[in-house]
Every structure is written in C-alpha cells, then in structure tokens.
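Asks: Chain residues, written in single-letter form:
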Amino acid sequence: MGVKLLLEKAHVPGIRFFETYRKEGGYQAVEKALKQMDPAAIVEEVKKSGLRGRGGAGFPAGMKWSFIAKPEGVPRHLVCNADESEPGTFKDRYLMEFLPHLLIEGLIISSFALGSNDTYIYIRGEYAWIVDILEQAIDEAKANGFLGKNILGTGFDCNIYVQRGAGAYICGEETALIESLEGKRGNPRIKPPFPAIEGLWKRPTVVNNVETLAAVVPIINMGGDEYAKIGVGRSTGTKLISACGNINKPGVYEIDMTISVEEFIYSDEYCGGIANGKRLKACIPGGSSVPILPANLLLKTAKGETRLMNYESLSDGGFATGSMMGSGGFIVLDEDQCIVKNTYTLARFYRHESCGQCSPCREGTGWMEKILKNIDTGKGKMSDIDLLWDIQRKIEGNTICPLGDAAAWPVAAAIRHFRDEFEWHVNHPEDAQKRNYGLAHYADPIHVPA
Amino acid sequence: MSEQPLFKVTIDNITVEVPAGTTILNAARKIGGDVAPPAMCYYSKLEGSGGKCRTCLVEVSKGSEKDPRPMPKLVASCRTTVMDGMEVKNITSDRVIDARNGVVEFLLINHPLDCPVCDQAGECHLQDLSYEHGKAGTRYEFQRRTFKKHDLGDKIQLHMTRCILCYRCVFTADQLTGKREHGILDRGDHAEIATYIEKNLDNEFIGNVIDVCPVGALTDKTFRFKNRVWFLKPVDAHRDCKTCSGKVTLWNRGDEVYRVTARKDQWGEVEDWICNTCRFDKKQTSDWVIEGPRLIDRHSVIAQGHYAGTVGTHKPTETFEAVHAGRQPKLLMDIHSISEVNQPNITLSQLDRPAHSTDFNHNKD
Numbered sequence: 002m003g004v005k006l007l008l009e010k011a012h013v014p015g016i017r018f019f020e021t022y023r024k025e026g027g028y029q030a031v032e033k034a035l036k037q038m039d040p041a042a043i044v045e046e047v048k049k050s051g052l053r054g055r056g057g058a059g060f061p062a063g064m065k066w067s068f069i070a071k072p073e074g075v076p077r078h079l080v081c082n083a084d085e086s087e088p089g090t091f092k093d094r095y096l097m098e099f100l101p102h103l104l105i106e107g108l109i110i111s112s113f114a115l116g117s118n119d120t121y122i123y124i125r126g127e128y129a130w131i132v133d134i135l136e137q138a139i140d141e142a143k144a145n146g147f148l149g150k151n152i153l154g155t156g157f158d159c160n161i162y163v164q165r166g167a168g169a170y171i172c173g174e175e176t177a178l179i180e181s182l183e184g185k186r187g188n189p190r191i192k193p194p195f196p197a198i199e200g201l202w203k204r205p206t207v208v209n210n211v212e213t214l215a216a217v218v219p220i221i222n223m224g225g226d227e228y229a230k231i232g233v234g235r236s237t238g239t240k241l242i243s244a245c246g247n248i249n250k251p252g253v254y255e256i257d258m259t260i261s262v263e264e265f266i267y268s269d270e271y272c273g274g275i276a277n278g279k280r281l282k283a284c285i286p287g288g289s290s291v292p293i294l295p296a297n298l299l300l301k302t303a304k305g306e307t308r309l310m311n312y313e314s315l316s317d318g319g320f321a322t323g324s325m326m327g328s329g330g331f332i333v334l335d336e337d338q339c340i341v342k343n344t345y346t347l348a349r350f351y352r353h354e355s356c357g358q359c360s361p362c363r364e365g366t367g368w369m370e371k372i373l374k375n376i377d378t379g380k381g382k383m384s385d386i387d388l389l390w391d392i393q394r395k396i397e398g399n400t401i402c403p404l405g406d407a408a409a410w411p412v413a414a415a416i417r418h419f420r421d422e423f424e425w426h427v428n429h430p431e432d433a434q435k436r437n438y439g440l441a442h443y444a445d446p447i448h449v450p451a
Numbered sequence: 295m296s297e298q299p300l301f302k303v304t305i306d307n308i309t310v311e312v313p314a315g316t317t318i319l320n321a322a323r324k325i326g327g328d329v330a331p332p333a334m335c336y337y338s339k340l341e342g343s344g345g346k347c348r349t350c351l352v353e354v355s356k357g358s359e360k361d362p363r364p365m366p367k368l369v370a371s372c373r374t375t376v377m378d379g380m381e382v383k384n385i386t387s388d389r390v391i392d393a394r395n396g397v398v399e400f401l402l403i404n405h406p407l408d409c410p411v412c413d414q415a416g417e418c419h420l421q422d423l424s425y426e427h428g429k430a431g432t433r434y435e436f437q438r439r440t441f442k443k444h445d446l447g448d449k450i451q452l453h454m455t456r457c458i459l460c461y462r463c464v465f466t467a468d469q470l471t472g473k474r475e476h477g478i479l480d481r482g483d484h485a486e487i488a489t490y491i492e493k494n495l496d497n498e499f500i501g502n503v504i505d506v507c508p509v510g511a512l513t514d515k516t517f518r519f520k521n522r523v524w525f526l527k528p529v530d531a532h533r534d535c536k537t538c539s540g541k542v543t544l545w546n547r548g549d550e551v552y553r554v555t556a557r558k559d560q561w562g563e564v565e566d567w568i569c570n571t572c573r574f575d576k577k578q579t580s581d582w583v584i585e586g587p588r589l590i591d592r593h594s595v596i597a598q599g600h601y602a603g604t605v606g607t608h609k610p611t612e613t614f615e616a617v618h619a620g621r622q623p624k625l626l627m628d629i630h631s632i633s634e635v636n637q638p639n640i641t642l643s644q645l646d647r648p649a650h651s652t653d654f655n656h657n658k659d
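Protein chains in written order, with the working numbering: chain W, 2 to 451; chain B, 295 to 659.
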C-alpha cells in the first residue's frame, strides 16, 4: 500500500463540505503557512520538496515560483490551470470534485507565497458541475475567514475567482489560458516574455496545475524535506494517475512513483490487469500527446531494467525507446486495438484543436489526419508512411506552442514502434477492414528513420 | 540616443551592430540580401504582428557573449531580440532551410494556386517564397480547403481560400481604424478571417488591409481583373489629401490609372498608410502630381521589364584577381603539355632542311 497524501480522505462522507474537511485536519496548512512562515520560506519549502509540475511538462514548481518578477507596485497573479482537456487525463476532475477544499487550501498558501491577491481558477467549460462545487467551497472558506480580507488576522487579502473556459484544448497552454482569461481569443502567445514576467494583464503571473497546487498542502504540513523522501530521484512525492483503456479497474490512483509499470497494470490494488484476460499490446503512459510504447518497451527499458512509474524511468531512452510521464493519463491498449485507428483518432483530435495561428500546426495536423484516414480506410500507399514521418518531423519544434509537438509525437511514436502494422494496413487493405492486426511482432522495434 | 548600447550580432558570418532590443530579422534586414529571412506575417509597422507563419525561423548557434549556449529550437527571428555576441545561422543552416521548405509546403497545401486568375500574382509574397523554397510538385493529394468569396464593403473583396492567416489585416484594422469590425472565426485549418454577419468594413483607412495582405486574399474591387500588375508602370505621385499623407504609387498603363496603392519599401511594407478616397476614388491622372518612376527592386515577376535601378547601377567592384584570391586562371586543357610540336627534342633551327614529321617521331620506338 503506497503513501497517500492527496486522496487519503477522498472518501470520507461529506469531505466536500467545509465542516467535515476542517474536522479531518483541513486548513491546518493555511494556518501554519500564514501565521508561522513568510512567503520566501514557503517557496523555499516547495523548492526543497522537489515538487514537479503535474500538468505535463514536469518543470520544478519551486523553481517556477522563484522566477516570478516582483516589480514595485505591480500586482501579481496566481492562476490555477484546471483546463484539463488531454484525452485520457481526468485526475484534476476527481480531485476538484471530491476534495475542492484541498485545492482551495493549496491556492491560499500558494497565493500567499507568490503575493497574489486575486487568484483565478480557469476551469474547463465541460466541467460545469465542478464550477458549482468550487464556488460553494470558496463561499464556505470565505464565510470561515480563510478567504477575503485579512485572512486569519494576518493582513493578507486573497480572493479566488472561478472562470469557465469555452471548450478549447489549446486554452490549457498557459499563455493561451491567460489570453482566454483576459477575454480574448485563446491563441498562445509568443514567448518570451514568459508569464512570470508578463502574464495576465501584463502582470507577473504563475500558472500551475490543480494537482501541483494541491500538493503544496502536504508539503507545508509535513515539510519539504519529508516530502522529498517519498519517491525516487527527482520524482518526489505522490502522483495521481488516471488509468483508462482496456483494464479491469479504470480510475484515479495515487502512486508514490516507486512502483513498476508492470505492478501498476497488473496488481489488484491498481488497474487489476487487462480486461477480459487479453494481452497487453501498447500503452500511452502520460496522456494522449506522449509517445505510445509497445508492451515490451513499456515494462522494461531498452537497457533491460524494470520501468518504474516516475518521470525519469518513463522517459528513459528518449523518444526512441521511451515516453513521458506527461499529465498522468495512463491509456492501456489490449491486443484487439488497432494502432492505426488509434493514431487516426488522436490526429483528428489535434487537427480539431489546433488554434490555427502558426502554419506548421494548422496545416500539418489536418494533413496528417487525412493521410491517416486514408491508411485506416484501406486507401493508403506505402509512401504515405514516410510522408507522415516527414510531416511530423517538420511540425515538431517549429511551432509557437507545444501543441504542435503534442500532435507530432503520437504519430511519430506509432510509426516508430508499429510500422509493421501500418504496412500491413497498406498491403492488406481488405483484411484490415475485417480484423485487427493483433499483437505486433515487436522483436526490437528500434528502427528509427532519420 | 547615443547612450543606447549597441549589440554585435553575427548572422551567416556577417557581423552587424544594432541597438539593443532589435529583432534578429531587423538586424538581418540591415545586412540585406539573402541573409534577411523571408517574412509572411511580420510587419514592422504593426504592433504584435509576427511569429505566426514560421518562415523566418533561424538557428541561434550561440546565445550571447555571456551565455554562449545555442538555443535548442529554431526561433522566429521576427520576435526574438538580439543579444550581444549572438551568432545566428540563416541560409547557412541546413536545419533552417529544411524547416523553411516544410513551412512553405504547409502554406501551399491549402492554397488554391490560382495564380493565373489572381490579381496579386506578380506581387505576391507567397509566390516569391515558393519560387525560392518550394518544390515543383505537391505531395498533398486531398481536396483543398475552400470558402465562399465575401465582399467586405463595396471596394474590398475577401477570398478566404487564398488566405494564409497571417493576421496582418486584423492588426491593421485594429491599430489603424480604432474600431475593429473583423477578426478570426473558428480555429485550426478551418479558421477564417470574417466580419460579423457579412458586415461591411466601413472606415476611411480600411483599404490598407489590401496592401498588407501578402497573398491575394484581400483584393481591390476597383482593380479586379482589370490588368496584370507587371503590365503596369508604377509611378510615385501625391496629392493634397486632408485625411492622409497623399503619397501613393499609381499603377498606369499609358495615361490611364489602373490602381492606386500605398508606397511599399523593399521588404514589401507600406511606407505611409493612405485613405480610401485616395485609393479607390482618385483614378484620373489629373488628380495627381507625378513625381517619377517607382523603383521596384525585389519582387519576382513584377520587376520584369522594370529594370530601373538595377541595370547599369551594379558595376562589379572587385577585380578578377581579388575574386580568385591570387590563383591563376585554370585552363581546361593545357595543349602545350600534350602536343609534341612545341617540345621537340631537336632544335628545329639547326636543321639544314625543312622539318619533317619524322623529326618528331623519334621517341616512338
């Protein structure tokens, strides 16, 4: 049984409400932080904890906080990124739905540390009912003196506002989120300047994921050093994984990043094995935009070591033989799944969600989708596979925001590891319409086209 | 002004000094020629433009004197400011050329390529760009994205099918006219420039969106299908205008004024914005004071037949020796070394008879 820091109390009846949450030890961290610590000490504590951003990129949160510019007389802002739209990721939804006060508590502490008096939660538009939950939690916190003016008599003012998005995936990118929050079209900004210098309304801004901000609460409660002891290496603390796909027990699990991928998939404590007694084919370990891994590379790294559920181990081997922790959307594919169809579905998603601002992503995502559709429906040509590879190569890294990369990686990884399946689709178009390719002959699929 | 620090930046091995805060693109334009990256969306006169088309990507091989680390990704030169000691590779980097070819291909896959019937042909930046970087064939085998033509008022036509979404017209309308009436609707490859419910664009300066459009998406309805730009003679002219500077370029054929545009500099950017009255209504030579021929020095097709400023002005400044750096001219074949005629083993003058071919053949056996 792993350590649980965030979801320990998630199933206490009535934990959604202030009374129960307070009774279960809630808001102690706020009292400790605001009364006994100064902002710099909190930032120091988060730095010591080694907490990494839980939104996908895994950038150290304490480091991000220390970058925020502090010009005289200019207000600073903290924005909570709750625009969780990555296919396969639903951990923030769970956290906000069951433990809204945990997020509010983390937000109060973080706002204090960053000096933000107006803090925003930018929430995905589809999470309409969670907006009500959060607003109720904010009202309760305000009524009990944890929000509003002069919190706990410390002279610190903080208000939290919830803003609904309008359903665009791109608004999860921090600068697009800021644009959208300002009331504009959600186009990512060109960086630099980074939000820490010029963010919301040209003021210094920090944008953090829901889970990152919630993790600040246990860090303050137990101390940064203690928190850093959980986990391995630079992957400290616990991580929420939203597991889905062909597994027996889909859901949100809190892991302490020391368990192996094999244990996570097959143990009864977590996913409980592949559904219907099927065999594992592949897995997308960190939300739809990270590279897909075939079963052999998922369970063991290219060096033959056991792959663990943490940032370093999942990205071991780079993109040639590894993947990424990403946002923790763990999508498992069994032997009946078609990689071509799966890649086509993802490409369709990214084509739909591309903001259309910069040309490689705008045009490239649509092109990839059309080619993949052709291959999937049996109209593909052998040259299409190389063409796909060339297109994704020309999108990756050449765009304003990471959406271009996110659209390119799944296609690249699918071709890299499952090229035989793509070729089978091209060579046997009639077969491909009737049955699935099944398990790949992945002997050592480390053929990487230049 | 003299206190402003100058930064040294090296672009394609050519060093130039520019004030702090200059973008790489503008530093490269200072050098000029091939070193300047192409720009489809950046417009120096429009605040916030640039960074979108990705044709101006360059490689920064050395960040600065203080922090010499190279930048891992290619950067948009129009939005990246120079640092002291920065080293940039544009046309000398294979990565850049490869990426730029990719961008050009992306820009062209949904472009209708209807140049033969497009009024912009000849002065189209996308045409220039594809001449320089494009391939002869396309790898795109699908139906191209199309839109209906829209009239934005009675003088401007919007042909979205040709649009490359550079956002220049949006910035122009936003910054020049105060009250913006059009923008981008939708997203991704189905995004379009549009007004709300076919609303007319109504502003004295809105005609400038035609000039900033790098392709033929926004065209002048008073000029549509009247003539090809390369048959017209551009002349600078001015008139007393109450609303704008009145400095324009007239495009004439014979005595007839076919169209009026703002004057554009060598990067295709407007020098002075002009008003709609000058642009659309003053089409008589008598309306204007002619200053002289306009030099068009950069564009591909439009420059055909207009050699003013090019022929005869560019005299070679370097001598042959300087170009060859002291090397002797290389002969394709040195006839002296292979013919025996000039190197006989006997001294011909000492013969007491006429020389015979046998005299030369003595080393045959």
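Careful, some of the hints might be misleading.
What the hints assert, rightly or not - In silico DSS-like links for lysine-lysine, alpha-carbon gap of 25 Å or less:
1. 356(B) <-> 192(W)
2. 304(W) <-> 342(W)
3. 71(W) <-> 356(B)
4. 5(W) <-> 48(W)
To be verified - Simulated restraints, written as ranges between beta carbons of each label pair:
5. 168(W) <-> 366(B): 27 to 37 Å
6. 41(W) <-> 389(B): 16 to 26 Å
7. 64(W) <-> 359(B): 44 to 54 Å
8. 72(W) <-> 361(B): 52 to 62 Å
9. 168(W) <-> 580(B): 53 to 63 Å
10. 277(W) <-> 484(B): 38 to 48 Å
11. 309(B) <-> 64(W): 27 to 37 Å
12. 565(B) <-> 136(W): 46 to 56 Å
13. 565(B) <-> 383(W): 46 to 56 Å
14. 565(B) <-> 379(W): 54 to 64 Å
15. 73(W) <-> 479(B): 37 to 47 Å
Stated by the list, open to error - Simulated coverage check for chain W against chain B, where a stretch passes if three residues somewhere in it have a Cβ under 8 Å from a Cβ of chain B:
16. 81-89
17. 398-406
Derived by calculation from the structure, the hints in this document are not laboratory data.
A virtual CB, placed ideally from N, CA and C, is assigned to each residue, including glycine.
Asks: Does each hint fit the structure? Answer for all of them.
Replies: Here is how each hint holds up against the structure:
1. Between residue 356(B) and residue 192(W) the alpha-carbon distance is near 19 Å, which keeps this suggested pair within the 25 Å criterion.
2. Distance check on the hinted pair: residue 304(W) and residue 342(W) sit about 30 Å apart at the alpha-carbon level, beyond 25 Å; violated.
3. The suggested pairing of residue 71(W) with residue 356(B) is violated, with an alpha-carbon distance near 29 Å, which exceeds 25 Å.
4. Between the alpha carbons of residue 5(W) and residue 48(W) the distance comes to roughly 21 Å, so the proposed pair stays at or under 25 Å and holds.
5. Checked against the hint of 27 to 37 Å, the C-beta distance between residue 168(W) and residue 366(B) comes to roughly 33 Å, which is consistent with it.
6. Judged by the Cβ atoms, the range 16 to 26 Å given for residue 41(W) and residue 389(B) is violated: they are separated by roughly 42 Å.
7. Between residue 64(W) and residue 359(B), the C-beta spacing of about 25 Å breaks the proposed range 44 to 54 Å.
8. Taken as a hint, the range 52 to 62 Å is violated for the pair residue 72(W) and residue 361(B), whose Cβ atoms sit roughly 23 Å apart.
9. One distance hint, 53 to 63 Å for the beta-carbon pair residue 168(W) and residue 580(B), holds here, with the actual separation near 58 Å.
10. At roughly 39 Å, the beta carbons of residue 277(W) and residue 484(B) sit within the given window of 38 to 48 Å.
11. Against the hinted window of 27 to 37 Å, the Cβ-Cβ separation of residue 309(B) and residue 64(W) comes to about 35 Å, which satisfies the hint.
12. For residue 565(B) and residue 136(W), the Cβ-Cβ distance of about 54 Å falls inside the hinted range of 46 to 56 Å, so the restraint holds.
13. Checked against the hint of 46 to 56 Å, the pair residue 565(B) and residue 383(W) passes, with Cβ atoms roughly 53 Å apart.
14. The beta-carbon spacing between residue 565(B) and residue 379(W), approximately 56 Å, falls within the hinted interval of 54 to 64 Å.
15. At about 41 Å, the CB distance of residue 73(W) to residue 479(B) agrees with the hint of 37 to 47 Å.
16. Coverage of the stretch 81-89 of chain W by chain B is violated. Counting CB-CB distances below 8 Å, 0 residues qualify, and the rule asks for three or more.
17. Restraint check on the stretch 398-406 of chain W versus chain B: 4 residues with Cβ-Cβ distances below 8 Å, three needed, restraint holds.
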